[in-house]
Amino acid sequence: QKEVEQNSGPLSVPEGAIASLNCTYSDRGSQSFFWYRQYSGKSPELIMSIYSNGDKEDGRFTAQLNKASQYVSLLIRDSQPSDSATYLCAVRGVGFQKLVFGTGTRLLVSP
Amino acid sequence: GAVVSQHPSRVICKSGTSVKIECRSLDFQATTMFWYRQFPKKSLMLMATSNEGSKATYEQGVEKDKFLINHASLTLSTLTVTSAHPEDSSFYICSARVREGLSRETQYFGPGTRLLVL
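If you read the sequences in order, they're chains D and Z. Under our numbering, the first residue of the first sequence is numbered 1, with each subsequent residue one higher. Under our numbering, the first residue of the second sequence is numbered 1001, with each subsequent residue one higher.
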């Protein structure tokens, strides 16, 4: 079982819709969760971090964490073509361990 | 967020030569930096963890004598690809860890270095 799992996609949504990206993780002791966006040919860029159960909102982005279900998601409201990228979920366990990345979900937002 | 720079952004070299890539934390001190490699359309792959003032920790399968890492200061880590071969052609990305609270850390990535070995 992979430590951090994401559907590779592509996830296609029309402009203006809500894009929902999901991630599950296997280490129940994980404490820190991150979403990165990576455009083709570029390095990852941090979008959100979340540490507690529930929702965390930042502009059009909402991260949702459910530790009991070992599930973290990212919602993008009012999706724009410029949101088309690969979204990487990353998880860190107890202590300051290295991040474990999922393989990423490719999002395509069509005009 | 914190800013991490990398130099050079792109390098082309002949097979057998060595290439040095620099990673700098511009507005913070990074006791720990990470080096990743990414092949086209593939996932990020962690190569090694670089700790200031000590030897780097390499991931399984990464040759430490081929990928030399030096983290001599709190703002600079270097990766040297020794005797580069065409199969080393890849996108090399560094990342720096930032403490943002008692038990919270975030990782910020540099812009990456694209290496092409002819």
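Hints should not be assumed to be uniformly reliable.
Stated by the list, open to error - Below, a list of computed lysine-lysine pairs in the DSS-like style, where the Cα atoms sit at most 27 Å apart:
| no. | chain 1 | residue 1 | chain 2 | residue 2 |
| --- | --- | --- | --- | --- |
| 1 | Z | K1020 | D | K56 |
| 2 | Z | K1042 | Z | K1020 |
| 3 | Z | K1066 | D | K42 |
| 4 | Z | K1020 | Z | K1066 |
| 5 | Z | K1042 | Z | K1064 |
| 6 | D | K98 | Z | K1014 |
| 7 | D | K98 | Z | K1042 |
| 8 | D | K56 | D | K98 |
| 9 | Z | K1064 | Z | K1020 |
| 10 | Z | K1042 | D | K42 |
| 11 | Z | K1066 | D | K98 |
| 12 | D | K42 | D | K67 |
| 13 | D | K56 | D | K42 |
| 14 | Z | K1041 | Z | K1020 |
| 15 | Z | K1041 | D | K98 |
| 16 | D | K98 | Z | K1055 |
| 17 | D | K67 | D | K56 |
| 18 | Z | K1014 | Z | K1064 |
| 19 | D | K42 | Z | K1064 |
| 20 | D | K98 | D | K42 |
| 21 | Z | K1014 | Z | K1042 |
| 22 | D | K42 | Z | K1020 |
| 23 | Z | K1064 | Z | K1041 |
| 24 | Z | K1066 | Z | K1041 |
| 25 | D | K42 | Z | K1041 |
| 26 | Z | K1020 | Z | K1055 |
| 27 | D | K56 | Z | K1064 |
| 28 | Z | K1041 | Z | K1014 |
| 29 | Z | K1041 | Z | K1055 |
If you are wondering where the hints come from, they were derived from the structure by calculation, not from laboratory data.
Are there hints from earlier that the structure breaks, and if so, what are their numbers? 1, 6, 12, 27 and 29
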